[in-house]
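Sequence order for the protein chains is A and B. 1 is the number of the first residue of the first sequence in this note's numbering; add one for each residue after it. 1 is the number of the first residue of the second sequence in this note's numbering; add one for each residue after it.
Quick caveat, the hints were computed from the structure, so don't treat them as lab data. Even for Gly, the Cβ is constructed at its ideal location relative to N, Cα and C. Warning: the hint list may mix true and false statements.
Computed footprint of chain A on chain B, listed as stretches where at least three residues anywhere in the stretch have a Cβ under 8 Å from a Cβ of chain A [unchecked claim]: (1) 18-32; (2) 49-59; (3) 75-83; (4) 100-107.
Spelled out, the chains give:
Number of protein chains: 2
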Amino acid sequence: MLCDLLYIYFMNETFVSNWKSQVKKGTLTFIILNILKENEYYGYELIEQIRKHTEIEIAEGTLYPLMNRLKTENLVDSKWVEQETGIPRKYYCLTEMGTKTLVQMNEYWKNLENAIQKIIK
Amino acid sequence: MLCDLLYIYFMNETFVSNWKSQVKKGTLTFIILNILKENEYYGYELIEQIRKHTEIEIAEGTLYPLMNRLKTENLVDSKWVEQETGIPRKYYCLTEMGTKTLVQMNEYWKNLENAIQKIIK
DNA sequence: CAAATCACATAGCAATACAATGTACTTTGT
DNA sequence: ACAAAGTACATTGTATTGCTATGTGATTTG
């Protein structure tokens, strides 16, 4: 009896936490491009910004490869900036293509949001 | 010049369409559970329901494996229903655990939605 | 002076949407 | 009457991507 409850609880926990990770998968790129729309940020700072804005925790092992992908895709550009003290920081900014892509993403997101809201209602 | 434009256009197209697929990745389970909350549906019908509600196209090769996963996870149950004519249909319904999971998903979704709306604003 | 934080990076794993392909029955168009 | 399209299920293999684990090295804090 207790066993059943624990089973259901843990199955549920792992499923939900896995689902959260899956939802991130799509939205993360979208969130990052939106944040970069306003300002240039370096990697570590981006993680903090996202935590502050969305309460979503992103692992560094997630962000750095993602930023490299975005650079390969020509959606962001990056430049090293030397610091007076400490390790130089790599700042990212949106490219023209990144901006255009973001517009399309925003449209799709609005549609999705509306659709889901209708279903949940 | 034209070459550049075409390059950017297609890069952008494939990136965006790929991104859409990534966004689906998380939301699809969520959408399906929400739809099953109201009614029992069979697979093919679910695809139509989703298309009607969200204008999102789902491939059959996406849906059927997904439903099997959801059944393995004990979020949905299924039963075969014979038809007077044609192939029997497999109807899906939410389990108790599916309902509970859906509640948690709804909460997470609301948070995410709010967070993104703040960022986009 | 050790621990925590800052700041970058990579390799391997797991999850999942899709394309392609297959089966089999029914309806529709000509 | 028969081909085409639609209904309804299913599987295999691929690509993408977030995460864990791990590593480097500098700086700040207790």
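Which earlier hints turn out false for this structure, listed by number in ascending order?
The structure breaks only hint 3.
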